[in-house]
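Just need the whole structure built from these sequences, with the hints factored in.
Chain by chain, the residues run as shown.
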Amino acid sequence: MLEEALRHFINPYYIQVLTLLGIYIVAAIGLHLITGVTGQLSFGHAAFLGIGAYTAAICTMQLGVPYLLALLAAGVMAALAGVLVGFPSLRLTGDYLGIATLGFGEIVRVIFTNLEITGGARGLAGIPRKTDIVIVYLAVVLTIWAVYRLQKSRYGRALAAVREDEIAAECMGVNSLWYKVSAFAIGSFIAGVAGGLYAHFLQYLNPVDFGFARSFEILTFVVLGGLGSLPGVILGTTVLGLAPEILRFGAVYRMMLYGVLMVLVMIFRPQGLLGGLNLAQVWRRIVRGGRPRVPAA
Amino acid sequence: MLHKHRLFTLVLVLLLVAAILGGCGGGQTQSAAETIKIGFLGAQTGGHASYGIETLKGMQMAVEDINAAGGLLGKQVEIIVEDHGSKHSEAASVTQKLITQGAVAIIGDPTTGITKLAAPIAQGAGVVLLSAGAVGEGVVEFGDYIYRDTLLDRVAVPVVTKYLAEELGWKKVVVITSKNNDYSVSQTALFKKALADNGIEIVAEQSIQDGDQNFSAQVTAISQKEFDGIVFTGYYTEGGLFMKEVRSQGLKQVLVGGDGLLSPVLWEMGGEATEGSMVFTGFAADPERATGKTLEFIKKYQEKNGGKLPDMFSAQGYDAVMLIADAIKKAESADPAKFKEALRETKDWQGVTGTITFGPDREPIKSPVYLLEVKNQQFAVKAVLDVK
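Respectively, the protein sequence lines represent chains Z and U.
Per my numbering: the first sequence = residues 7 to 303.
Per my numbering: the second sequence = residues 35 to 422.
Hints in this document: simulated from the structure, not taken from any laboratory.
Be aware that a few hints might be false.
Stated by the list, open to error - Restraint ranges, calculated between C-beta atoms of paired labels, are given here:
(1) Z:Y102 / U:N339: 47 to 55 Å
(2) Z:A257 / U:N339: 15 to 23 Å
(3) U:G305 / Z:A152: 53 to 61 Å
(4) U:Q243 / Z:M268: 28 to 36 Å
Unchecked claim - So these bits of chain U aren't anywhere near chain Z, every CB distance computed over 12 Å:
(5) K206
(6) K342
(7) P402
Think of the CB as a built atom: it goes at the ideal place given N, C-alpha and C, for glycine as much as any other residue.
Quick look at the structure:
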């Protein structure tokens, strides 16, 4: 396969790290749609990742479903869960919704820990390795393209309207419930697919992987990159996703350096790395030879 | 349409930058092939750090001993250390990194979960993985490159149960399981079978969860029954708190459990209530009873660590490196495909934790089993049980 060929040029360790990074990018874009674009705070994103991962793993291991179909099933299951979580967003906003999603994430983790079919606390081992770097980056490109198109459509503008001012959006005839729930569904679908990729990449799943810490990690990817900015999410995930590996020279102080990195970004770019930046405009200025002007913070 | 294309170009550029950044981070050491490299897979930070740090200490001592004696096949041995911070997703990258750096064998991970994660990677790359801590089921089944040198519960539980029945005269017990702990769930299953085989009756069963603080409901339920002892298969934090509740409700029975209870936290949590609690383990440092290799190891460890006694993980880490070294010597080759065969034939091998034999299923059979007892807030060896 293509990955075999790639292994002659790139060290397998880099392939491993970059593949995982690609999976994180897909998952983070899912959250970007929910939190960045629609403005619904979610602390339970890892749960969708987990639902997708376990669904895909069980599909291929127990039911003999082909890999790509299992990925689709993973997305659909996560989307159904997303709809379930989306409904409270009718009544809950901001921090309150955040806490509700946090609760949801914990419920999902506890269910994984206690179900027989998921291997319980022992975890699920022996998942066939189907995911490779080529498939992951195809998924990354596809997701970026789809979400980019979505954001630029009427639907995407409605999502942004709900984020900016829900009451004003309602007055303009935007059914905010539909948009919020569907944003949850699409974002969760993307996370579910990422979960499916994750399961067939690591070949072992454990409920502790999908706890609050993972949810929070994905949220920091999105926030650090710049809430609402698609290139920002990709950059944020890349920086924070690779940081633990790049900072290995720091030995046991590695995670401290990681923390320092986050604090520094938040002090100097509180809006995130690319937040509030219209990249297309910056790019055009560069191409035209004019000096790019970065808007003040 | 035009700026859309530009955005895509930008995204592509970002991905490229990602690839380059990743490339910088590797820091691949191109040291000469004169050394034989052994990788350490474990945590130095995060939740399981204490296991990893101790394992590494033992490994370093073994490597010093080997190198002082002239190395292996005329080459020096070197440990490659990477920390995965107790995270699953990072552990996979670390395993791959160790293999890329030329490790012929990887010692680790001390936990069953991460060993299961690393096993397919090591097996696929043809590198020997020897876990110095994994005790759960389904580890060596990953393939013929995967080994472990731990005392398995399925070896220890029958021996310990026999001791409870024959030496302590227990006839009735209650069994406490931590439902969200894989270690506890599988150990309970083993205990149930062993208890039945030795004619001990289970009069009550209760479930707890890792992270629980209050056990009054469970203790109230068992206080209605008559029994000789408590079989507790969970971890030390809950074990200590559970015993505290047992004593506060006026019950006198003691607890017995596996090495999940093996930590001073047991009495830090439970105080006086944990006195008499029994814990079985594959290694206990007892300078008064130890002989030969084991005594030498304990003394050397104490010298390096200011008098502190070595624990199970450091001893097993030491044995793991020595097992690999002896296999390499026997095979006269540092090629994993060759020395894994020598490793497989290990029989009655004398290490610091006792004798190790790899059975036909490549699972280790270790003897003896140490049964410890909490005495004056210390673990003291109560019995050393031979495995037949």
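Okay, the hints, checked on the actual structure:
1. Between Y102 of chain Z and N339 of chain U the CB atoms are about 51 Å apart, so this pair conforms to the stated range of 47 to 55 Å.
2. For A257 of chain Z and N339 of chain U, the hinted distance range of 15 to 23 Å is satisfied, since their beta carbons lie about 20 Å from each other.
3. Take G305 of chain U and A152 of chain Z: their Cβ atoms lie about 59 Å apart, and the range 53 to 61 Å holds.
4. Q243 of chain U and M268 of chain Z have their C-beta atoms about 32 Å apart, which keeps the hinted 28 to 36 Å range intact.
5. Once the 12 Å rule is applied to beta carbons, K206 of chain U is consistent with being away from chain Z; the minimum gap is 28 Å.
6. The claim that K342 of chain U is not at the interface with chain Z holds, since no C-beta of that chain comes within 12 Å of its own (minimum 20 Å).
7. Distance to chain Z confirms P402 of chain U as a non-interface residue, since its nearest Cβ pair spans about 28 Å, more than 12 Å.
Every hint, counting from the list given before, is met by this structure.
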